[in-house]
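*Asks:* Got chain X sorted already, so can you dock chain C onto it with the hints?
If you're matching them up, the sequences are chains X and C in order. Taken in order, the first sequence gives residues 5 to 547; the numbers are from my numbering. Taken in order, the second sequence gives residues 893 to 972; the numbers are from my numbering.
By construction, these hints were calculated from the structure, which means they are not laboratory data. Treat the hints with care, since some could be wrong.
The following label-pair restraints were derived from C-beta to C-beta distances [said to hold, decoys possible]: (1) X:G524 / C:D908: 49 to 59 Å; (2) C:R907 / X:D116: 53 to 63 Å; (3) X:P18 / C:M968: 47 to 57 Å.
Only some residues are given here: those of chain C computed to face chain X with a beta carbon under 8 Å [to be verified]: (4) F932; (5) N936; (6) V951; (7) A952; (8) E953; (9) E955; (10) S956.
Backbone N, C-alpha and C define an ideal beta-carbon position, used for all residues, glycine too.
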Amino acid sequence: MLFNSHEFIFAFLPLTLLGFYLLGARSRGLALFWLVAASLFFYGWWRPINVLIIAPSIAVNYILARILRRLAAAGDSRQVAARVVLTIGIVFNVCFLGYFKYVNFLGTIAHDLTGVDFALREVVLPLGISFITFQKIAFLIDVYGRRVQSFTLGNYALFVLFFPQLIAGPIVHYREIMPQFEKASCRFEAESFASGITLFVFGLFKKVVLADGIALYVTPLYDAAAHGSMLSFTGGWIAALGFTLLIYFDFSGYTDMALGLARLVGVRLPPNFDSPLKAASIIDFWLRWHMTLTRFLTAYLYNPLVLWLTRRRVAQRKGVLSGRRTTVGAFLSLLVGPTLLTMFVSGIWHGAGYLFVLWGLLHGVYLSINHAWRIFGSRPADSQTQRAERWFPGFLLTFLSVVVAMVLFRSATPAAAKSILQGMFGLHGIGLPQAFFGPVASLAAHSGGLLHVSDEISASDLVAAAGWIVALLGATLALPNTLQILERYSPALSAPRPVAGIGWLSRALVWTPSLIWVAGLSVLAAIAVFQLGGQSEFLYWQF
Amino acid sequence: MNEPDLLAICTRILRDLLMDDRIVLTMNTRRPDVPNWDSFAYINFIVALENELGIKFNVAEVESFETVGDIVTGAMARLR
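Bound conformation, chain X alone (with noise of 0.2 Å):
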């Protein structure tokens, strides 16, 4: 059931919250249960065979973690034993979402490499798998390393099928969230609500007004690489500039709605973007940008693996990062290879192809060069005015690389991705409508053909998508984010970080339980819910 549905908003919501409320005026128990009844039917809506798909794989889990708890609480004496089971549990996840998410993608790479086809099934991915086993994997670690030490399979059940979090995130550790339903008074409270509807509206107005709103003149544009048009530059930065704004408010604002929606049984889930377009280095953005997503890789994978590499370069007396005495071997091995690796393995999370591969490695390329300036270059800001000189600079050249990136991550095939970037770069000339050549005609006769006649798109879509990149990007940039726009209720674990650049904008834009902000928010309110109907799903459900 997505979140922008007329079932979810006018018949599942209620339901669930009115059940919930009534039943935890008698028990805190019941009301939990009926969350997990609730979110069981809220995955099993479309295809009532995913329940049956994911139970088994909770199942298994389950037992796995309770073996795990006895062995970790023997202490040292069973310490091979609950590395195996460790061991077990991850390869088992990992096996899950292969499965499903991986065969296909193996067999095309056996069909391109051999040439001859595999006759496979196509297996049809269950919603949220990826993050679902994600968080079942951070789950086992926190087992084994006893930060979790105790817990119920109807515990267990919540915290994997929470609907709010369920199928796109955020990623979440059962310690920062069991511990708030055991705390929950599972009622109606004013606050709480309040500030969870509204970062539901909030949500609900990014998605389906203005990431479906711009994706009007995205989409065909992708849609026309993909079946062999060649974009020209106009077309090429269109797409590219509308996709990373449409990528950032659709999946924002799934995150804000699955905040809200969390906010209203009384529980805070962490945050997932902290305005990451305004980042002014590639790793900034990485720590603003799906950061449980970084956070969980981080913790997981890059540190682990980088505190094994050290180890072993300590013992082999080489050298270690250390600031500007830095080697290069050690530059390599120690942060190049882990952060290539890490990033490899965020590609093939996302989607299993050629380019969610080369996004991903793309972006290990950018964090490794970040990394190289900060080692061996720059020196540090030691002033703020120093800092500020030094944003836009830092903004733009991270902004361009994301954005080029994008395009990998969009598009359908490794050949329309090569069309929308040689267009970006001016390989194929400067497009225009029939209706705008008419004043450069002139410029154009001595352009060697370089400005042209373009129909990539249309003189009114031009218009209109250049009115939508501005108006997002302006608005990304100029305001604060909805977190801190509520930042005096807190709707998220952690606060977000003060609000920088224009002050009365963003002293105006503060929350309170005031008759303005109802009348405001009820009229984002109508016109998101005028827009709903189309089947319109969030980008990150597909992952």
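*Replies:* Frame of chain X, contents of chain C only:
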């Protein structure tokens, strides 16, 4: 080895690592409190401490240490 001894060892290792003799660690010090103690320097610090004491933390512990006090307590548990 007791708490003050371990704290002194931690301080010496970190001073060497970051080449900064002004560093003073307490049980409540957090990583952001010390200039330049970034995630790389943190891993180097942990490995240097492991070698000095002849112990080995597990990955989950290294992830969960929030204060210098957590590290000292973790090391004392390993030394026992």
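*Asks:* With reference to the structure, classify each hint as holding or not holding.
*Replies:* Hints versus structure:
For G524 of chain X and D908 of chain C, the hinted distance range of 49 to 59 Å is satisfied, since their beta carbons lie about 57 Å from each other. Remark: the range hint 53 to 63 Å for R907 of chain C to D116 of chain X is upheld by a beta-carbon distance near 55 Å. Look at P18 of chain X against M968 of chain C: about 54 Å separates their beta carbons, and that is inside 47 to 57 Å. Hint status for F932 of chain C relative to chain X: holds, with the closest Cβ pair at about 4 Å, below 8 Å.
Residue-level restraint check for N936 of chain C holds (minimum Cβ-Cβ distance to chain X is 5 Å; threshold 8 Å). Because the smallest distance between the Cβ of V951 of chain C and any Cβ of chain X comes to about 4 Å, under 8 Å, the interface hint for this residue holds. Hint status for A952 of chain C relative to chain X: holds, with the closest Cβ pair at about 2 Å, below 8 Å. Against a cut-off of 8 Å between C-beta atoms, the interface hint on E953 of chain C holds, since the closest Cβ of chain X lies about 7 Å away.
Nearest Cβ of chain X to the Cβ of E955 of chain C: about 5 Å, under the 8 Å cut. The hint holds. Checking S956 of chain C against chain X: minimum C-beta separation of about 6 Å stays under 8 Å; hint holds.
Violation of the numbered hints given earlier is absent; every hint is satisfied by the structure.
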